[in-house]
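Enquirer: Protein sequence lines correspond, in order, to chains E and Z.
Residue numbers for the first sequence follow the numbering used here, so the first one is 12 and each next one is one higher.
Residue numbers for the second sequence follow the numbering used here, so the first one is 12 and each next one is one higher.
In short, the hints are calculated from the structure, not lab data.
Predicted model, so just to flag it, every value in this text is computed and none were measured.
Treat the hints loosely; a few may be bogus.
The list cannot tell twin chains apart, which means a pair is met if one copy fits it or any two copies do.
Straight-line alpha carbon distances no greater than 27 Å define the calculated DSSO-like cross-link-like pairs of lysine-lysine that follow [what the hints assert, rightly or not]:
| hint | residue 1 | residue 2 |
| --- | --- | --- |
| 1 | 417 | 32 |
| 2 | 65 | 517 |
| 3 | 340 | 417 |
| 4 | 439 | 37 |
| 5 | 209 | 98 |
| 6 | 517 | 653 |
| 7 | 439 | 42 |
| 8 | 335 | 417 |
| 9 | 185 | 439 |
| 10 | 503 | 65 |
| 11 | 417 | 248 |
| 12 | 411 | 340 |
| 13 | 340 | 37 |
| 14 | 510 | 589 |
| 15 | 42 | 632 |
| 16 | 42 | 517 |
2 protein chains.
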Amino acid sequence: MTTNHYRRKIYLEDKPRLEAKNEMIKHFRPKREVEWLESTNSIGRVLAEPVFAKSSMPHYHASAMDGIAVVAEQTYSAHEQNPIQLKRNEDFIYVDTGNQVPSPFDAVIMIEHVEELNEETVEIIEPASPWQHIRPIGEDIVQEEMLFPQGHIIRPVDIGVLLASRTLTIPVIKKPFVTIIPTGNELMDPGDDIAPGKLIEFNGTVIANYISEWGGAPQLNAIVKDEPEQIKATLLKASEQSDIVVINAGSSAGSKDYTVHMIEELGEVFTHGVATRPGKPVIIGKINETIIIGIPGYSVSAYLALEWFVRPLICEFLQVSEPKRLMLKVKLGRRIVGTMGAEDFIRMNIGFVAGEFIANPLSRAAGVTMSLVRADGLLVIPPTSLGYEQGEYAEVELLKPLEEIKNSIVFIGSHDLTIDLLSSEMKKRNRSSSVMSSHVGSLAGMMAIKKGEAHVAGIHLLDPESKTYNKTYIQRFLADKEVVLYPFLKRKQGWLLSKGNPLEIKTLADIRNKEAHFVNRQKGAGTRILFDMLLRESEMSVEEIIGYEREMFSHLGVAAEVKGDQHAVGLGIYPAAKSMGLDFIPVSDEHYDLLMTKDFYESEQGRCLIEVIQSVGFIEKVEGIGGYMIEKNPEPIYFNSKCEG
Amino acid sequence: MTTNHYRRKIYLEDKPRLEAKNEMIKHFRPKREVEWLESTNSIGRVLAEPVFAKSSMPHYHASAMDGIAVVAEQTYSAHEQNPIQLKRNEDFIYVDTGNQVPSPFDAVIMIEHVEELNEETVEIIEPASPWQHIRPIGEDIVQEEMLFPQGHIIRPVDIGVLLASRTLTIPVIKKPFVTIIPTGNELMDPGDDIAPGKLIEFNGTVIANYISEWGGAPQLNAIVKDEPEQIKATLLKASEQSDIVVINAGSSAGSKDYTVHMIEELGEVFTHGVATRPGKPVIIGKINETIIIGIPGYSVSAYLALEWFVRPLICEFLQVSEPKRLMLKVKLGRRIVGTMGAEDFIRMNIGFVAGEFIANPLSRAAGVTMSLVRADGLLVIPPTSLGYEQGEYAEVELLKPLEEIKNSIVFIGSHDLTIDLLSSEMKKRNRSSSVMSSHVGSLAGMMAIKKGEAHVAGIHLLDPESKTYNKTYIQRFLADKEVVLYPFLKRKQGWLLSKGNPLEIKTLADIRNKEAHFVNRQKGAGTRILFDMLLRESEMSVEEIIGYEREMFSHLGVAAEVKGDQHAVGLGIYPAAKSMGLDFIPVSDEHYDLLMTKDFYESEQGRCLIEVIQSVGFIEKVEGIGGYMIEKNPEPIYFNSKCEG
C-alpha cells in the first residue's frame with residue numbers, strides 16, 4: 012500500500028458553492044486579448060468593442076421598384092384628363108429595383124403606371140410625390156451608427172448588417188485558452204486495449220466539448236500519472252500557457268490525491284471541498300495568477316463542478332452573462348431526502364401525465380453518467396432543507412426542451428430489450444415523440460400507473476396460484492383506476508450461464524448443489540417473483556442460494572454479472588443471454604404485457620404506439636432477436652372502465 | 012429598358028404559408044445517407060440508428076474507496092470485542108478507488124476502518140456486508156443496453172457514455188447539402204469597390220450561417236447575373252448535386268425575375284407567392300427531385316422565408332423536430348395594423364417597464380435588416396385579423412433570452428450619438444444590463460415615459476418663449492407623472508454642409524436664397540422644433556425651404572443625406588458632421604437631458620446609469636468627440652414627486 016508524506020495534510024471543507032464561486036471570481040485576473048476577425052467568420056464570437064457601420068446601406072438613393080425616375084415637381088399637374096409626356100434621359104430615366112436614382116430625380120413611378128409611347132417617350136396620368144418608391148441613403152444602416160455594443164454575441168443576421176455596411180473585420184475577445192489535465196494511474200485512452208482495473212479516460216473529452224460550447228478554446232492534455240512531480244510539472248506549465256486550468260480528479264483526500272498539495276506548493280488554494288452532493292471534492296486555487304480548478308473524478312460530479320466554476324470563469328473572461336436554464340414546477344413522485352448543510356443536485360426524469368409534470372429521481376450515484384444523460388431536469392435541494400415529501404411541488408432546472416418532455420411517453424416498469432426498439436421506432440415515426448423508460452420492476456411500474464406518474468408500464472407478474480399473468484394483480488392493486496392491459500408479447504425466461512456452462516447447471520437444485528453465485532433481481536421485479544415461486548415449488552429457502560441478496564435492476568445487468576464470473580448464474584430473458592454470449596436454459600414462457608391508463612391508450616400517442624407494435628417492421632425486428640413472440644392484434648382488456656357495457 | 016418574353020407570365024399567388032409548407036414537405040424525398048463518425052467528433056449530430064453500448068462501465072467490479080478487498084463472509088464475526096486479523100494476499104488485498112476487486116473478494120472496507128498491524132497483517136473490528144463499496148460491473152452502463160435512440164442529437168455528456176462504453180464510432184445522418192445561389196446584376200462581393208447602383212451580396216452569407224446553425228452543410232455559389240441561361244445552368248447543376256437548393260432573389264414578378272420561369276422550364280413550381288407580409292415573393296418548386304426554394308431579395312423577407320421553408324426541410328432531412336421559440340405575452344405600446352388575408356410578421360422591441368412587458372413595432376420595411384437585428388420578438392398577426400389596438404395584449408415569439416429583455420434599459424426619444432457609447436459602457440459594467448434605444452424624437456420620447464413604455468427618454472425641447480429647455484414641456488405634458496429630469500449634456504447644433512461648403516451657406520436665409528436642398532427631421536424631434544423656431548424668428552415660411560417635407564429620423568441620417576448631395580444642407584449636431592466629414596457651422600448650444608421615471612432613477616439600474624455617465628472614462632470619451640460638454644454631478648430635478656418637501 013502506498014503511503015507518503017502528503018497523507019497527513021488531508022482536509023476537505025464544506026464551503027457554500029456560491030461563496031467559493033464569488034471568491035474565485037475575485038481572484039480572477041483575465042488577460043483579455045482582442046482578435047480582429049473577418050465578419051464572415053465571426054459567428055458566436057463576442058465583440059471586444061462597439062462596432063460602427065463603415066458605410067451606409069443603401070449607400071445611394073435606390074429605386075424600390077421597377078419603373079422610371081422623375082423629378083416629382085414636374086409631375087404635379089398629371090391627371091387622367093391631363094396626361095403628361097416625359098422624354099427619356101431628359102425628364103426621366105428607366106430604373107430597376109436597386110438602381111441608383113441620380114440627382115435631380117427625386118421620385119420613382121412604377122412601370123405599371125407608365126404608358127410607353129415609343130422608345131424615347133412615356134406618358135403618365137398621376138403625379139408622383141417627392142421620394143416615393145425610393146430607398147433613401149441609410150434607410151437600413153447609416154454610416155457611423157453603432158451596429159452593436161461591446162459584449163454583443165454575433166448571430167447570422169448580424170453578419171448581414173456587417174457585410175452590408177462594409178464592416179469587413181471586427182474586434183472580438185480572443186477565446187480563453189483552457190488546459191484540461193486528466194490524471195490517474197487507472198486511466199487509459201479510449202482506443203487502448205482494456206484490462207480490469209483500467210478505466211477509459213472520457214471526462215477530459217466531455218469537458219473539452221463543454222468548454223467549446225461555452226466559448227472557450229480547450230486543450231486536452233495527455234493523461235498524467237498519479238506522480239506528484241509529474242502533476243506538478245504539468246500544472247506549472249499549464250498555468251503559464253493558459254487562461255484557466257482544469258485538472259480532473261485527484262481532488263479528493265485519498266492517498267493518491269496529490270492535486271491540492273501540488274497547487275499549494277506552486278501557488279495558493281482557496282477552496283478544497285464545497286457543500287454540494289455530489290461534487291464536494293472540488294479544489295479552487297491559483298498558480299502564476301492563473302485559476303486552477305480541480306474537479307472530481309466521478310463524471311456527474313465533474314460536469315456539475317465544471318458548470319459551477321469553469322463556466323462562470325469563461326463568461327467572466329468573455330464578459331457575457333451566464334445563460335440560465337428554464338425552471339419548471341413539477342410534482343414529485345417520490346420522497347427525496349436532502350443532505351443538511353449541503354446542496355443536493357438530483358437528476359430527475361420528468362413526465363407529462365394527465366396534465367401534470369411528474370418528476371422522479373434517477374440514480375444519485377456520482378459515477379452514473381447515464382443519470383445525467385437520461386435526466387430531463389435538475390432538482391437542487393438547498394442546504395437548509397431536508398428534502399421533499401412525495402406529492403410535493405418543486406422547481407427544477409430543465410435540461411431538455413419543454414416540448415420534448417411534454418411529448419414523451421413515460422414508460423416504467425419491468426425491463427425488456429424490446430422497449431428500446433419501440434422507443435427508437437416511435438421516434439422514427441413521430442420525431443417529437445420519444446419514449447422515456449425507467450426500469451423499476453413490474454410491481455413498481457404498476458404503482459406508477461396507479462399514482463398517475465406514467466403512461467405505460469411493462470409488467471410480467473405471475474400469480475403463483477392461478478398461474479396467470481398480470482390480471483389478478485391489476486384487480487388487486489388498481490381497483491379504482493381506469494386502465495387497459497394490452498397483451499404485448501411472450502418471452503422465454505431461463506438460466507443465464509457462463510459460456511459452456513462450466514458448473515453444469517440444469518435445474519434450480521443444481522444452483523444450490525454446485526454453490527453457484529446467484530445474481531438476483533430487485534424486489535418487485537417479475538423475474539424475482541418467478542424465482543421465488545420456483546424456490547417455493549422446490550421447497551428451497553433463500554438461505555440455500557448464495558448471492559440471493561445481490562440485486563440487479565435489469566436483465567442485461569444480470570447477464571453482465573454472469574459474464575464476469577465463471578461461477579455465476581442468473582434468471583433472465585433469452586436475448587440478454589444472446590447479446591452477452593452466454594448459455595441459456597429455458598425455464599418458462601411468460602407474458603410481458605403493457606398496462607396503460609385508459610386516457611393514454613385512447614390518445615393519439617397511444618394509437619401510434621399500438622400501430623408501431625403491430626407494424627411488420629417492428630414485429631420482424633423483435634422476433635428476429637429470438638425468444639420473443641409478439642401478440643398479433645390482441646384484444647385489449649379494460650379494467651374498471653365506467654363506460655364499459 | 013429590358014423587356015422579354017418572360018414578362019407576360021407574371022403571377023404571384025397568396026397561398027397560406029402552412030399550406031405551402033405542407034405541400035413542399037409532401038414533395039420532399041430526402042436521400043439520407045449514414046455517415047460513421049468518431050464519437051469524439053460528433054457534437055450536435057443526429058443519430059441515424061439507435062446506439063448500443065459496446066462494453067459495460069465499469070467493465071469489472073471496481074472498488075469505490077481506498078481500502079482493502081475482503082470476502083464478506085469472513086468478516087461477519089468482527090466486533091470491537093472481537094477484532095479479526097486478516098493476512099495480505101490471502102484474506103485481503105489492498106485496493107485504491109477504481110481498482111479491480113477480483114474473485115473471491117466481494118466487499119471493500121475503507122482504509123480508515125483498517126488497523127495496519129504490519130506489512131502483512133491488518134485488523135478489523137466491524138463486519139463488511141457483501142458488495143459494500145464496490146461499483147458493480149455495469150453500474151453506469153451495461154453492455155448492449157441502448158444508449159440513445161435513433162434521432163438523438165449528441166451533447167457533450169453523451170460523448171462521455173459513448174467513450175466509457177467503448178462505442179468509438181457512431182452512425183449519424185449525413186448533413187443535407189444545401190446550395191445557395193445569389194442572383195442579381197446589382198450584386199457585388201463584399202470586398203469589391205462599391206459604386207452607386209451596386210449592392211453588396213450579404214444575404215448568401217447569412218443564409219449559409221443559418222443553414223449551418225440548423226444542421227445543414229451549406230455551399231455558397233458565386234453571384235449569378237440576371238441572365239436566364241446562366242440561372243438555368245446554375246439551377247440545373249445545383250439540383251443534381253444538392254439535397255436542397257436556395258436561390259436568392261429573382262423570386263418576385265419584375266422584368267428580371269427569371270427564377271420562377273427557369274424552375275418551370277426545368278421542373279415544376281408548386282408555389283409562387285405566400286400570404287405573408289413581408290416575405291410574399293417566395294417560390295417553391297422542384298428540379299430533378301430536388302426542392303428549390305426561391306426566397307425574396309429583401310433581407311428581412313429572405314431570412315423569414317428561410318425559416319418558414321428551408322429550416323423545416325433540414326429538420327425533415329435530419330428527422331428532428333423543429334425548435335420552437337418561447338412565447339411571451341406583451342402589452343402593445345402602439346396600434347398595429349394587419350393585412351387582411353395575409354400573415355404579418357412584425358419585428359418588435361420589448362421592454363420590461365414597471366412590471367409589464369411593453370412591445371413596440373420596429374420598421375416594417377422588408378429591406379431594413381437592422382429591424383431584425385434589433386428585434387426582441389416577432390409578432391405574428393394572423394390573416395384573419397386586422398391587427399391590434401394600443402394597449403391590447405398579444406403573444407410574441409422571443410428572439411432574445413427573456414433575462415436579457417428583463418434587464419434592458421428602455422431608452423427612447425431623441426437621438427444622440429453618446430447614447431450608443433452609454434449603452435456600450437453600461438454593458439461593460441454590468442453585462443446582463445443593456446440599453447435598448449429607439450429614436451423617435453424628443454416629444455414622442457416624453458410621451459413614452461408618460462405611457463410607461465420606457466425607462467429613460469433623451470429630450471432637447473426648446474421652449475421658444477422662455478428659451479429654456481425641457482422643463483416647461485414636462486410641466487405641460489406630464490402633469491401627473493412622477494419623473495426626474497437629469498441634466499445630461501450640452502451639445503452644439505448647427506448647419507451640416509458638404510465639404511468645402513460649395514453653396515457658401517452661412518445663415519438660414521442663405522438656404523432659401525441659394526435654393527439648397529434642406530434635409531429635415533421628423534415631427535416632434537427637438538432639432539425640428541429648433542428649425543421651426545429659427546424660421547419663425549426670420550419670418551420665413553416652410554414653403555420657402557426646398558426639402559422641408561423630407562424627414563430623417565436621426566442626425567446621422569441627415570448627415571448621410573447631406574454627404575450624398577452637394578446641394579444639401581441640414582440642421583444637426585457637430586459629431587454627426589464630423590463623423591461624415593462634413594462642414595459644420597454652429598447655430599446654438601442646446602441642452603440634451605435625460606427624463607426618467609422616478610422609480611427607474613432610484614433603482615439599482617438607474618444608479619448604475621448615473622455612475623457611468625459621471626465616470627471619468629465616459630466623460631473623456633464623449634468630450635473627446637468634440638461639440639459635447641457633459642454636466643458634472645448636476646442636481647436632478649424632480650417633478651410631481653409626492654414625497655418631496
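Enquirer: State for each hint whether it applies.
Expert: Hints, one by one, checked against the model:
Taking identical chains as interchangeable, the C-alpha atoms of residue 417 and residue 32 lie at most 27 Å apart only when they sit on different chains, with a minimum of 24 Å there against 34 Å within one chain. Taking identical chains as interchangeable, the C-alpha atoms of residue 65 and residue 517 are never at most 27 Å apart, the minima being 84 Å within one chain and 30 Å between chains. Taking the shortest Cα distances, residue 340 and residue 417 sit within 27 Å of each other both inside one copy (13 Å) and across copies (21 Å). Proximity of residue 439 to residue 37 under the C-alpha cut-off of 27 Å is restricted to the inter-copy arrangement: shortest distance 17 Å between copies versus 50 Å within a copy.
Taking the shortest Cα distances, residue 209 and residue 98 sit within 27 Å of each other only across copies (26 Å), while inside one copy they are farther apart (89 Å). Taking the shortest Cα distances, residue 517 and residue 653 never come within 27 Å of each other, neither inside one copy (49 Å) nor across copies (93 Å). Taking the shortest alpha-carbon separations for residue 439 and residue 42, only the inter-copy value of 16 Å comes in at or below 27 Å, while the best intra-copy value is 48 Å. In this assembly of identical chains, residue 335 and residue 417 lie within 27 Å of each other by CA distance both inside one copy and across copies; the values are 20 Å within and 13 Å between.
Within a single copy, residue 185 and residue 439 get their C-alpha atoms only as close as 41 Å, which misses the 27 Å cut-off; across copies the closest is 16 Å, which meets it. In the homo-oligomer, the alpha carbons of residue 503 and residue 65 lie at most 27 Å apart only across protomers (24 Å), although the nearest pairing inside one protomer, at 74 Å, exceeds that limit. When the C-alpha separation of residue 417 and residue 248 is checked against a cutoff of 27 Å, the pair qualifies neither within a copy, at 49 Å, nor between copies, at 43 Å. Taking the closest pair of Cα atoms, residue 411 and residue 340 come within 27 Å of each other both inside a single copy (14 Å) and across two copies (23 Å).
In the homo-oligomer, the alpha carbons of residue 340 and residue 37 never lie at most 27 Å apart, since the shortest distance is 34 Å inside one protomer and 39 Å across protomers. For a Cα distance limit of 27 Å, the shortest separation of residue 510 from residue 589 inside one copy, 10 Å, qualifies, whereas the shortest one across copies, 87 Å, does not. Only between protomers do residue 42 and residue 632 lie at most 27 Å apart by alpha-carbon distance; the minimum there is 23 Å, versus 58 Å within a single protomer. Proximity of residue 42 and residue 517 under a CA criterion of 27 Å is satisfied in neither setting, with 71 Å inside one chain copy and 52 Å between copies.
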